[in-house]
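If you're matching them up, the sequences are chains A and B in order. In terms of this note's numbering, the first sequence opens at residue 185 and continues consecutively. In terms of this note's numbering, the second sequence opens at residue 2 and continues consecutively.
Since the hints were derived computationally from the structure, they do not count as laboratory data. Treat the hints with care, since some could be wrong.
[Stated by the list, open to error] To list a few chain A residues with every Cβ distance to chain B over 12 Å, as calculated:
id : residue
1  : S287
2  : A359
3  : L370
4  : D425
5  : P456
6  : A497
[Unchecked claim] Some, not all, of what chain A presents toward chain B, calculated at C-beta under 7 Å:
id : residue
7  : L288
8  : V318
9  : E319
10 : R437
11 : P444
12 : L510
Here the structure is a predicted model, which is why all the values come from computation and not from measurement. We treat Cβ as the ideally placed atom computed from N, Cα and C, and that holds for glycine.
What follows is each chain in one-letter form.
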Amino acid sequence: MTAPVLAVEDLRVQLRTPRGTAHVVNGLDYTVGPGETVAVVGESGSGKSVSVLALMGLLPARTATVTGRALLQGEDLLAMSPDRLRQVRGPGIGMVFQDPMTSLNPVLTVGRQLVEGIRAHQQVTRQAARARAVELLAEVGLPDPQRAVDRYPHELSGGMRQRVVIAIALSNSPALLVADEATTALDVTVQAQIIDLVERLQSEHGTGVVWITHDLGVVAGIADRVLVMYGGRCVEDGTVDDVLERPAHPYTRGLLGALPDLAEPLSDGRRPDLATIPGVPPPPTDLPAGCVFWPRCPVRGDARCETEQPPLAFVESLSRATGSSLPHRAATWCGEGAR
Amino acid sequence: MSDVLLSARGLEVHFPIRSGGALRRTTGAVRAVDGVDLDIHRGETLGLVGESGCGKSTLGNALLRLVEPTGGTVTFDGTDVTALGRRQLRELRRRAGMVFQDPFASLDPRRTVAQTVSEPLEVHGLHGGRRERTARVGELLELVGLDPAVADRYPHEFSGGQRQRVGIARALAGEPDFLVCDEAIASLDVSVQAQVLNLLRRLQQQLGLTLLFISHDLSAVRHVADRIAVMYLGRVVEVGPAEAVGTHPQMPYTQALLSAVPVPHPELERNRQRIVLRGDVPSPAAVPSGCRFRTRCPQAFEPCPDVDPALQPVGPADGHLAACHLHGVVGTPVSREDDVPEGPTPGDAARAPRDAGRERR
Numbered sequence: 185m186t187a188p189v190l191a192v193e194d195l196r197v198q199l200r201t202p203r204g205t206a207h208v209v210n211g212l213d214y215t216v217g218p219g220e221t222v223a224v225v226g227e228s229g230s231g232k233s234v235s236v237l238a239l240m241g242l243l244p245a246r247t248a249t250v251t252g253r254a255l256l257q258g259e260d261l262l263a264m265s266p267d268r269l270r271q272v273r274g275p276g277i278g279m280v281f282q283d284p285m286t287s288l289n290p291v292l293t294v295g296r297q298l299v300e301g302i303r304a305h306q307q308v309t310r311q312a313a314r315a316r317a318v319e320l321l322a323e324v325g326l327p328d329p330q331r332a333v334d335r336y337p338h339e340l341s342g343g344m345r346q347r348v349v350i351a352i353a354l355s356n357s358p359a360l361l362v363a364d365e366a367t368t369a370l371d372v373t374v375q376a377q378i379i380d381l382v383e384r385l386q387s388e389h390g391t392g393v394v395w396i397t398h399d400l401g402v403v404a405g406i407a408d409r410v411l412v413m414y415g416g417r418c419v420e421d422g423t424v425d426d427v428l429e430r431p432a433h434p435y436t437r438g439l440l441g442a443l444p445d446l447a448e449p450l451s452d453g454r455r456p457d458l459a460t461i462p463g464v465p466p467p468p469t470d471l472p473a474g475c476v477f478w479p480r481c482p483v484r485g486d487a488r489c490e491t492e493q494p495p496l497a498f499v500e501s502l503s504r505a506t507g508s509s510l511p512h513r514a515a516t517w518c519g520e521g522a523r
Numbered sequence: 002m003s004d005v006l007l008s009a010r011g012l013e014v015h016f017p018i019r020s021g022g023a024l025r026r027t028t029g030a031v032r033a034v035d036g037v038d039l040d041i042h043r044g045e046t047l048g049l050v051g052e053s054g055c056g057k058s059t060l061g062n063a064l065l066r067l068v069e070p071t072g073g074t075v076t077f078d079g080t081d082v083t084a085l086g087r088r089q090l091r092e093l094r095r096r097a098g099m100v101f102q103d104p105f106a107s108l109d110p111r112r113t114v115a116q117t118v119s120e121p122l123e124v125h126g127l128h129g130g131r132r133e134r135t136a137r138v139g140e141l142l143e144l145v146g147l148d149p150a151v152a153d154r155y156p157h158e159f160s161g162g163q164r165q166r167v168g169i170a171r172a173l174a175g176e177p178d179f180l181v182c183d184e185a186i187a188s189l190d191v192s193v194q195a196q197v198l199n200l201l202r203r204l205q206q207q208l209g210l211t212l213l214f215i216s217h218d219l220s221a222v223r224h225v226a227d228r229i230a231v232m233y234l235g236r237v238v239e240v241g242p243a244e245a246v247g248t249h250p251q252m253p254y255t256q257a258l259l260s261a262v263p264v265p266h267p268e269l270e271r272n273r274q275r276i277v278l279r280g281d282v283p284s285p286a287a288v289p290s291g292c293r294f295r296t297r298c299p300q301a302f303e304p305c306p307d308v309d310p311a312l313q314p315v316g317p318a319d320g321h322l323a324a325c326h327l328h329g330v331v332g333t334p335v336s337r338e339d340d341v342p343e344g345p346t347p348g349d350a351a352r353a354p355r356d357a358g359r360e361r362r
């Protein structure tokens, strides 16, 4: 087996807030192999974005406490000096965020922003960097890259801007690409284009991808493995087929049930009501003891639910049934995954 | 009593583009809504879908005259909305409510829930005394699934889903017949979206409401709508029963749109044939001649640039209409004199104000 590009071990993030300490990420473990796509899913406030901001050293040091280890090709990101981290962002990790308008500098041309990134990490002349920038824009499918390189972000549509952000993220051929809700602000037709693009570039360069999203449809299309987050913890992980088709955690089941399923038959011309998860996620300043999901859980009933935190345990019956050799784990006292 | 509650004919909303000079001359127009024909039947949910910038929000606003139409007519329950005076317009706004996208921006942070929900009652002079109004606010909050005891709280004390319920309660205060929900679930989490979708469906059945459900989320629209209308670049290009449009779309744009919607089944996703459209939506300031989808259409052929397609019956389902020459060339020939330039340049797209910007206001 090849060494993972990224190995996250017991990642914890606490933020100091006026309302007390927020336990935003509470012990996260995962690995991303070369060419592999790991999707991190969860609702807002589940800690999915903060967990990657922490990896990249983008949380404010004054209020955030980050512990654990995050090995990028064997080197711990969390122990790096700011200078070393700056060297790693680019050739090590490329980042794509949700809103392409706010992640680009509005007063610089697209070309300037690409050249800046290239010249920060590679000893090349301005002309060579510019030529590379044009190449990259062509690679991400921007029409007329020779002219596009001199355009400002406001002259491009949302989909085009996100392509530029991806071009910047890929300009130093990173080992790992982190996409945080990268297609959420885009229309479905443009989303399909961007996903195709990332998949193509990933297979060409063998990049590991961490794809953060709340959209389980997108996950089904791009992910090899899925990690479901709730209350700052991983409540279920496994292959995309295991997690989406055979979910073991009541929260994952709830999420899938809340989506309109168009394959479902109509009852007298109308679709049945959607399943809902009652209540709202707990605030990270006041997480429940025991299983983080128990206050909203429809199947709670185990004596340990309210007092003891369930470990992330193998869902044996399910894995065996499908003959899958890849682990499928869930953290719950209830349901088929329970010990 | 007619079956059609609201009907638009040739509805247009054009925004002038002015030059930057001192004279501010009008140099063109953004055709946000450009000749929409649409009927909304009493008691139905009509889903309106399309990509950002296609004019769906502007259409919703124009139906209630929250933006002034620049052409065409809107008839609400037999009255011509475009000809109403200020006083009659107020009555229209009582009978037609609106639920907005962002429950964080559409509620006044300095007013309590009770003040927000009772404002329409005061404006329309309903439930005269203060005590009756308080009772009515309690009723409305209960109707949308909130505890009446929260009436004295402020919006910041609520989650997104709860705020959207407050927005729905406000929209229902005047006992409307018609509700426009403009991306009402777009800013909510999946589990909360389901709660609000269920609520809207329950309210509709309970109160006999007619709903216009505007959304870019095709799965949600297919779930709630009886009929679906698809918009592209300011025009309704396909409309029909939700099942027919959802499973047998007849216009290449609708087909591409539906094929791009990801579904949470890995097996289906791996095997699906996705129609990936090339390029971006042309600018509504430079609409292609003839069929406006032809510049991105994988099946465009000779008549497309020359004849502006009209909605015509398609497919086996009753009331399924599409504006597409693949089903027979029907429409208005393009006169060569007022021909619009072939396809926009990227620069045009950038200069034109985008609909998306206004949606977020």
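Tested hints:
no., hint, in the structure
1, S287, "holds, 17 Å"
2, A359, "holds, 26 Å"
3, L370, "violated, 9 Å"
4, D425, "violated, 5 Å"
5, P456, "violated, 10 Å"
6, A497, "holds, 23 Å"
7, L288, "violated, 14 Å"
8, V318, "violated, 16 Å"
9, E319, "violated, 19 Å"
10, R437, "violated, 11 Å"
11, P444, "holds, 4 Å"
12, L510, "violated, 13 Å"
Comparing the model with each earlier hint shows violations of hints 3, 4, 5, 7, 8, 9, 10, 12; every other hint is respected.
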